[in-house]
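Protein chains in written order, with the numbering used here: chain A, 948 to 1042; chain B, 20 to 337.
Incorrect hints may have been included.
[What the hints assert, rightly or not] Subject to a maximum C-alpha distance of 30 Å in a straight line, what follows is the list of computed DSSO-like cross-link-like pairs (lysine-lysine):
(1) K327/B / K1005/A
(2) K963/A / K178/B
(3) K301/B / K951/A
(4) K87/B / K271/B
(5) K951/A / K328/B
(6) K951/A / K327/B
(7) K335/B / K126/B
(8) K1005/A / K45/B
(9) K335/B / K1005/A
(10) K178/B / K951/A
Hints in this document: simulated from the structure, not taken from any laboratory.
Predicted, not measured: the structure shown is a model, and the values here were computed from it.
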Amino acid sequence: MSTKNWPLWEVFVRSKNGLEHRHCGSLHAADEEMALENARDVYTRRSEGVSIWVVESKHITASNPENNGEMFEPAQDKVYRHPTFYDLPDEVKHM
Amino acid sequence: MSEEQVKNLEEQFEARIARDEKIEPKDWMPEKYRKTHIRQMSQHAHSEIVGMLPEGNWITRAPSLRRKVALLAKVQDEAGHGLYLYSATETLGISREEMYEQLHTGKAKYSSIFNYPTITWADMGAIGWLVDGAAIINQVPLCNTSYGPYARAMIRVCKEESFHQRQGYEIMIKLANGTPEQKEMAQDALNRWWWPSLMMLGPTDAESIHTAQSMKWKLKRKSNDDLRQQFIDQTVPQAELIGLTIPDPDLKWNEERQSYDFGEIDWDEFWQVVKGHGPMNKERMKARVNAWENGAWVRDAAMAHAEKKQDRKEKKAV
Ligand SMILES: [Fe+2]
Ligand SMILES: [Fe+2]
């Protein structure tokens, strides 16, 4: 019986140049080379990508949704960060 | 957490789903939601994986290269579907090994349709056409389900399924227009796969236990009986088009309902197969367990190799 299980990897695929890599799922592999090969077979069987990133899941630090309040709410009352906050006369063009 | 707090959280949770918000892995969720999703999603993954076996049976004997590459690609897709779904299920906190364990010990179920044998080439046609056809009807509504990773996996799956059904139907067209023996083979496959395909859409609503809760969580959008009716209504004309006969003497167009009436389903057979007494239950599990056990040394060797490589890298760095 196996002694150690293959670790989990997160897979990110760039669908074409000009677009960002996007998370598309995860898989198990013994090492990074195998993770890349498996990612190719599992997530790009129909030319869905031109570039793949794999990163071992344990290296990802994620924010906790329970702290979403203190994490993201401070941005909500800062309307002055948006162009619509500023009053301009209607006659002004191209701004 | 106090009972009051949990109740509060649950109410907020249900309200989020009702607003069509998605639930993501790290969000708080009721234990029952987590358990129900682990059960349904892992069963779904197991079905994709076990579902490779009946068709794998014919890859080496496909009648032409065109058929062989198509069948191979289809079976490979099913492996992919299983992998998307396993990894989506893992986000709920169950390990891959635990899921395999549940499958191999019979604790977890998989779709009972895969416990029927594939005895002729025409079965490849009937499976793609009917079994994948019924699967699509089941799966399309799940693209909108409430659990984010499940919904995203289903979108990928559904995109890939339509080729599966078309390649199956194409096999049936060819056989149905072939020699009398070929046509008979196609009819025979339809005769054997029709009723199990109807059963695949689940027990009648009267006997389905999980429906109300599943509807609320968008794990289900339509009842089993509605899905079954949809499947029948869309499939009957496809059979007629290629001159095959649905093996149901009670099948009749109902002008008033604008739908087909159909005969009684043998639910005893369904429950027998679910309980493990179908023609191929033992065979399927044996194949799965063997594949897992005989592959253990490969998994171990790959892990040992990875560790050695890592060691070497670290030594060089010093
Ligand atoms: Fe599938
Ligand atoms: Fe399929």
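Against the structure, the hints come out as follows:
1. K327/B / K1005/A: holds (20 Å)
2. K963/A / K178/B: holds (19 Å)
3. K301/B / K951/A: holds (29 Å)
4. K87/B / K271/B: Not satisfied, since the Cα-Cα distance of roughly 37 Å exceeds 30 Å.
5. K951/A / K328/B: Within the cut-off at roughly 16 Å; holds.
6. K951/A / K327/B: Holds, at roughly 14 Å.
7. K335/B / K126/B: violated (47 Å)
8. K1005/A / K45/B: Holds - the C-alpha atoms of K45/B and K1005/A are around 15 Å apart, at most 30 Å.
9. K335/B / K1005/A: Holds, at roughly 24 Å.
10. K178/B / K951/A: The hint is violated at about 35 Å.
When the structure is compared with the earlier hints, violations turn up for hints 4, 7 and 10 and for no others.
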